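What follows is the residue order along each chain.
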Amino acid sequence: MDNFILLIVTILKIILIIVPLLIAVAYLTLAERKVIGSMQARVGPNRVGWRGLAQPFADLFKLLTKEVIVPSSSSRFLFLIAPVLSLAPAFAAWAVVPFSDGLVLADVNAGLLYVLAMTSLGVYGVIIAGWASNSKYAFLGAMRSAAQIVAYEIAMGFALIGVLMMSGSLNLSDIVRAQSGGIGHWFLLPLFPLAVVYFISGVAETNRAPFDVAEGESEIVAGFHVDYSGMAFAVFFLAEYANMIMIAALTAIMFLGGWLSPIDGFGDGFHWFLIKTSLMLFFFLWFRATFPRYRYDQIMRLGWKVFIPVTIVWIAVVGFAIYFNVGPWFQIRSI
Amino acid sequence: MTFQLFVFYVLAAILVFAAGRVITVRNPVYAALFLVLAFFTSAGIWMLLEAEFLSITLVLVYVGAVMVLFLFVVMMLDLNIAPLREGFMQYLPVGILVGLIMVIEMIFLITQRYFKADNYPIPPPSDAGYSNTEALGLLLYSEYLYQFEIAAVILLVAIVAAIALTMRKRPETRYQKPAEQINVKKEDRLRVVSMNSEKD
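Line order of the protein sequences matches chains A and B.
So the first sequence is numbered by the working numbering: it starts at 1 and just counts up by one.
So the second sequence is numbered by the working numbering: it starts at 1 and just counts up by one.
Treat the hints as calculated values from the structure; they're not laboratory data.
Be aware that a few hints might be false.
[What the hints assert, rightly or not] With a straight-line cut-off of 20 angstroms between C-alpha atoms, the simulated EDC-like cross-links for lysine to aspartate or glutamate are:
1. Lys305(A) x Glu187(B)
2. Lys186(B) x Asp200(B)
3. Lys13(A) x Asp2(A)
4. Lys34(A) x Asp59(A)
5. Lys136(A) x Glu217(A)
6. Lys177(B) x Asp297(A)
7. Lys169(B) x Asp297(A)
8. Lys177(B) x Glu187(B)
9. Lys136(A) x Asp2(A)
Nothing here was measured: the structure is a model prediction, and the numbers come from that model.
Assemble the whole structure, with the sequences as input and the hints as a guide.
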């Protein structure tokens with residue numbers, strides 16, 4: 001009976017995370033169009049609802065009523081399961097994200113590893129979609145995406161090793177607590193190169209502009225989801241935006257002190273987490289409006305030859321700083 | 001039957017099914033995907049054993065990286081299955097023999113004195129504060145530091161060897177050299193010619 005109640009409570013908690021997340025995804029699409037619109041001196045969507053606020057739902061209903069076409073020579077099962085495979089890890093990773101002190105679904109000790117594992121699983125949706133479509137464009141997109149994600153995942157993991165050394169814990173809540181003491185104690189300052197590498201690798205992992213060669217509509221039409229239509233396409237879209245919010249939230253947790261207020265002890269709470277995540281999301285949109293798409297070989301060069309050496313050097317720097325107890329940031333934390 | 005036992009049986013059933021399909025399914029891409037499923041479910045079983053570090057690392061390394069590259073290669077191969085299956089009957093007796101020997105070896109191992117299930121009682125569940133990752137890290141970086149470092153060096157050598165073996169310089173390939181591009185000056189590229197305007 002106890003188990004049963006636990007199950008119900010957990011499912012309710014999951015719904016409490018997923019539903020606001022879906023709404024956030026819906027309004028992120030609107031925010032993207034509005035932000036890019038104003039950056040390009042346009043208005044953006046403003047017809048549906050008050051100032052275009054109902055636009056995401058109009059888009060959703062349009063996609064829902066469209067037909068899902070399965071190409072005749074595709075492998076049907078994989079074709080239909082690929083969007084699900086790309087969405088599931090994007091949601092599963094939220095299980096360990098601490099929204100505020102103690103406000104977390106699963107307070108596991110290996111949270112950081114879990115997040116890394118889940119974000120690395122998202123690539124399967126893309127690869128399977130590309131292969132199952134049985135189309136050259138989709139396949140090229142999938143290949144590009146696979147190589148890119150494998151490359152940037154290493155830089156991402158190395159960047160997080162710095163966080164791990166500073167906080168002495170893999171638990172995301174403990175990582176935030178290790179940054180308490182005002183804005184000067186956030187990991188952004190001592191780990192600045194790693195924070196930059198992490199965020200840019202995150203942009204690359206989510207296949208967002210300027211790293212969106214997997215879609216590359218000017219050369220390979222729409223890449224891996226060229227054959228998808230209707231709701232199946234919408235699920236890919238959903239996964240991409242959920243992943244964006246995930247990366248923004250993780251950057252806020254690892255480097256910007258999560259739920260902590262910039263002034264020590266002054267109104268810590270969920271709202272700070274929200275503000276920081278929104279700020280990082282704004283960077284995503286800003287990037288898209290500003291930078292042209294990278295060429296494929298330049299992406300590979302940036303990942304392997306720039307980011308990985310930078311992270312390795314900075315891990316060594318952090319190691320020495322902790323060993324010699326360089327104040328005010330570096331100290332050996334008890335485990 | 002406790003809940004954990006139920007979960008174990010479900011995962012074990014999926015694992016055995018997936019492992020079987022890896023070698024029976026015809027399409028190599030499907031086989032690789034079944035292998036992914038097998039890794040994922042065995043990670044679940046390890047999680048039941050409270051080995052969360054190994055479990056997550058299995059997903060992270062094998063599912064997240066190794067199998068992605070594997071799929072990458074398998075999808076690129078344009079395999080024609082028919083010629084591969086031609087010698088099937090010819091190799092079948094050898095295959096059965098090898099399989100049989102392995103099964104007999106495993107039976108000996110599992111039913112003998114040292115590896116009997118009775119010798120391995122169910123470990124008591126550790127308390128909530130126990131961190132498998134920390135325990136593993138402490139052991140690896142104190143007691144087994146030498147072995148750990150030697151393994152790391154061997155892996156590094158393997159990486160270098162793999163790259164050295166497969167790298168080939170082709171003179172006709174043209175590379176972009178970003179350092180030279182950045183250091184270029186106006187004088188290198190641009191020649192200003194002063195000349196009189198031409199009139200006819």
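The hints, checked one at a time:
1. Between Lys305(A) and Glu187(B) the alpha-carbon distance is near 29 angstroms, which puts this suggested pair outside the 20 angstroms criterion.
2. The straight-line distance between the Cα atoms of Lys186(B) and Asp200(B) is roughly 33 angstroms, outside the 20 angstroms bound, and the hint therefore fails.
3. At most 20 angstroms may separate the alpha-carbon atoms for a hinted pair to count; Lys13(A) and Asp2(A) meet this at roughly 16 angstroms.
4. Between Lys34(A) and Asp59(A) the alpha-carbon distance is near 15 angstroms, which keeps this suggested pair within the 20 angstroms criterion.
5. Taking the CA atoms of Lys136(A) and Glu217(A), the gap is near 14 angstroms; set against the 20 angstroms cutoff, the hint holds.
6. Simply put, Lys177(B) and Asp297(A) have alpha-carbon atoms about 12 angstroms apart, close enough for the 20 angstroms limit, and the pair holds.
7. For the suggested pair Lys169(B) and Asp297(A), the alpha carbons sit about 17 angstroms apart, so the restraint of at most 20 angstroms is met.
8. With a C-alpha separation of about 19 angstroms, the suggested pairing of Lys177(B) with Glu187(B) holds against the 20 angstroms cut-off.
9. The straight-line distance between the Cα atoms of Lys136(A) and Asp2(A) is roughly 53 angstroms, outside the 20 angstroms bound, and the hint therefore fails.
Hint compliance for this structure: hints 1, 2, 9 are broken, all remaining hints hold.
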